[in-house]
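Protein chains in written order, with my numbering: chain A, 1 to 291; chain B, 292 to 689; chain C, 690 to 1022.
Hints are computed from structural coordinates only; laboratory data are not their basis. Quick caveat: nothing in here was measured; it's all calculated off a predicted structure. Treat the hints with care, since some could be wrong.
Said to hold, decoys possible - In silico DMTMM-like links for lysine to aspartate or glutamate, alpha-carbon gap of 25 Å or less:
id, chain 1, residue 1, chain 2, residue 2
1, B, K364, C, D970
2, B, K509, A, E265
3, A, K59, B, D555
4, C, K855, B, D386
5, B, K667, A, D126
6, C, K842, B, E381
7, A, K59, B, D593
8, C, K855, B, E381
9, B, K663, A, D126
10, B, K411, C, E849
11, B, K472, A, E265
Okay, here's what each chain looks like letter by letter:
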Amino acid sequence: MTSFLSVIVSIVFHGLAYAMVLYVISVGLSLTMGMLNFVNLAHGVFAMAGGYAALWIMKAQGAPFTLALGISALLVALASIVLERMLYRRLYGAGELDQTLMTIGLIFMATAAAHFAFGPLPQRVDLPPAITGHFFVAGRDFPTYRALLIVAGCVMFLVLWLGIERTLVGARIRAAVDNRSMAQCVGINTSRLFTTVFALGSGVAALGGGLGADIIAIAPGYAMEHLIYFLIVVSMGGLGSITGAFVAALILGIGDTACKILMPEVGAFFVYAAVFVVLLIRPAGLFGRTT
Amino acid sequence: MKMLRKIAFGLVGLHALLVAPASAADQVVKVGMILTLSGPSASLGENIDRGAQLYYRQHEAELPPGIKVEIIKRDDTGANPDIAKRLAQELIVRDHVQFLGGIVFTPNAAAIAPLATQSKTPFILMNASTSNLTRLSPYIARVSYTQWQTAHTLGQWAARNGFKRVFIAVSDYAAGIDSEKAFEAGFAGEGREIIGHIKMPQTTPDYVPYMQSIKDAKPDALFMFTNSGRITTAAVKGFAEAGLSQAGITLLGPGDIASDEELDNMGDAALGTTTAAIYAASDPRPENVEFVKLWKKAYGEDTVPSFMAVCGWDGMAAIFSAIKAQKGIVTGEGSMQAIKNWTNPVSPRGPIAIDPDTRDVVMDVYIDKVQKVGGKLVNVTMETVRNVRDQWKVLNPQ
Amino acid sequence: MTSIGAEQQSLARGFRLPELLPWLALCALYVFLPELLPLGTQIIVMIIFALSLDLLLGYTGIVTLGHAAYFGVGAYTSGMLAVAGWDGPFTGLVAGAIAAAVVGLVMGLVILRTKGLALLMLGMAVTLIFYELANHFPAWTGGADGLQGISIKPIFGLFEFDMYGKVGFAYAALALLACLLFMRHLVLSPFGRSLVGIRENAARMTAIGVPVQRRKLIAFSIAAGIAGVAGALSAQTNQFVGLNVLSFELSGTVLIVLVLGGAGRLYGAFLGAPIYFAAQDILAKGDPVYWLFWLGLILIVVATFARGGILGLYGSLVQRFWARRLRLKRGNP
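Okay, chain A solo, but in the shape it has when bound:
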């Protein structure tokens, strides 16, 4: 493999892996923000909770990786239903300022709670040995774990896409995103739908947090530190669009990785410049609906 091609392959591979983690975590946020019109800055809290839960289940209960992920996602989804009913519901009609404040408050509380329960250092991740290896393709070695992330991300995208585009529930969700009052007129129980979507979004985020725990470390400051990236994926992709979030994650993941490998001096500027340009040209995001 020529050196240049080799570099390209490397960029695409690593970029994809990082992009998929971002995607799985952020797609839930895109759905809730698009459907509920709710500025949920605390979305990262669910991903963090999923990460902590999965790692704890693995460490304390000795459960295998996939089982731990599944259980933690379920737990977080259930917890999010409680939060939605008790807290989020009250602010559905409120302005974005109040929603911003409430969710920032939630981030602070979650950060302090995580610090209290697990200490300030990032959690140690013991991936099952099956995953922590390399496999060889055309003379280059790739870490298995990252390949797994890519597969998982694409599968998640497919599942969500099929679920939203091809099922009745999905149709109802799309209707509620497009025009909530009309959907209510047609008899769709939007309130229950909101809770369902919220739980789904949070559960998927928890999955993303646990899955990506080796790339994006689980530490108390998780929700605040990575908030910007999640928001960038969502705003660039367009609220309520799972395809948009996918494409945005790809641009970010692969673009950021390309910069790291080809032009490291550009560093962090790429991500910020990218979101700047995209939002100026299309303020609703790449796949967002322009009302």
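Place chains B and C on chain A using the hints.
Just chains B and C now, with coordinates in the frame of chain A:
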């Protein structure tokens, strides 16, 4: 008669109440510690604090009779020079501290420096590692280390041990760049070259792409500096994941990248990492064995002191020595005089001393390698470089 | 239904007695609690910063998480000028204000074309880019180690900035007075009233012929300029500038401060800043980590139940009191 006796007793009692405190009065020497105790870098400040408190509890009996030390702790919440400066002002003006100590981040120390000079308060640095800090005020002394003491020494070691092509990757901020220059200065010479430089933004969560391109450049070794804590763990894991050690590349760096408390989190990814460290918890020196035992008893059997904890310990030792030297009547000039000439041959990390000309620490630097001993990851010392001074100051005389 | 203050009737053309309270408090602080003057100075800086955000958020309704960019521009401008030799106090303030206002104008031109989430994101992106720029050019800004070597000439050649913070405090208080008078005049003017209209219903304002975009841009610039004053003041009284003046944390803090006190009421900043700093001091004494927990709880409570912050609570209490009195007067139960 009864009435008189009552009054007499009353007066005696009153007298005792009023006079007793004065005669048993302890003179309190106040030490203000400004540390980062919250936020992502909380563990750094916590470690320094624990080390200092441990020394205090162990050695308070050694103070001159009637002298007590009170430690006032304040949280600067991170690299916030304005907050740090205000806290220092309050400690000096409101609490009347006679010593200032601590500081994790360089900008915080730089902001406080003029205050130390104006108020003639000795300011003992227990972590901030930028070389020029001790020049900012005649009242600053440092017991921790500078990037040049570790990285430059490592560069020289690498040159002596046959490394020819080294790649450098550092976190993109002042300390990283400092460290990079230091290593280069130590490594430079005939037949040796730095084949690449990368500055990695601190917000990067994923280090594998960097590691991949470093692997492609085929160096003998990678010199890396990243902020302590989570960033270092991510970087070292990236190093392992991209398969650099299998490709024969040695990971080099200052002790910060293989800090004892983080080794466990990094897991086997850290094996083989060679660092220039100022302290290793596994050091069999008797003073250290004693220190680690005390630490575990105070803070838990499964905790390990890091180099920052030792810096806190040493800092408090310096302060105590100044108090003892002045027999409890503490003045700013007197303290600085004592500290400038202070030596501590029995520090847990080895013999250290303050250089009276620069007020910076002179110490032994250990070339350590991370190995598995008895199932646990530890830093094992391969070589000791004695009496290392801050080379930057030598190269940049005032 | 927004939480941003709805009634402007509490502010009248002429000064009312309660408006003297902050100044009495500041004087009292100077006389009776001189050890708290350094803290007082930082509170004043935050008040000015929050005032500038109030213009943007409270009055014009532009929600932004990127206001620290202009604070930082003001701080670094006056800091760098001082290092280069232009170290007069007032010139530093003015330079910081102008630089920040100009940057605000340019950025505003670009990002005010969007709204909602896009505007929020763009504002954040600007601050993050500035932060990286400052980090990347340490020769200019000192980078992560901070801008050292700032020393400010004595005010009027007489009052030197001292270790006890007395001169710094008085200087900051003067700056606060100037900013307040300016802001007060602005929000009571037709221009200021039109901003409120834009916040409530921009479409209707356009319908009656108000140049909405232009007004928003002017408001944005002015807000940036006042933030620049706060930043320059910070640089001068601390005689140091660190990267934290451009941080996301600072943007978040000033937002919290303003909303706690009450946005859109001009004096919310005066309440929010001391309360925030006091709460931090008290709650963080026990264990610094858990201050975050309590702050989070307070925010959730305020956002859910006490929209409009403390002044809003006070306002609604007053309203209820008067409504009750009116009912009783009329003989209704």
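### Query
Can you give the numbers of the hints that this structure goes against, from lowest to highest?
none
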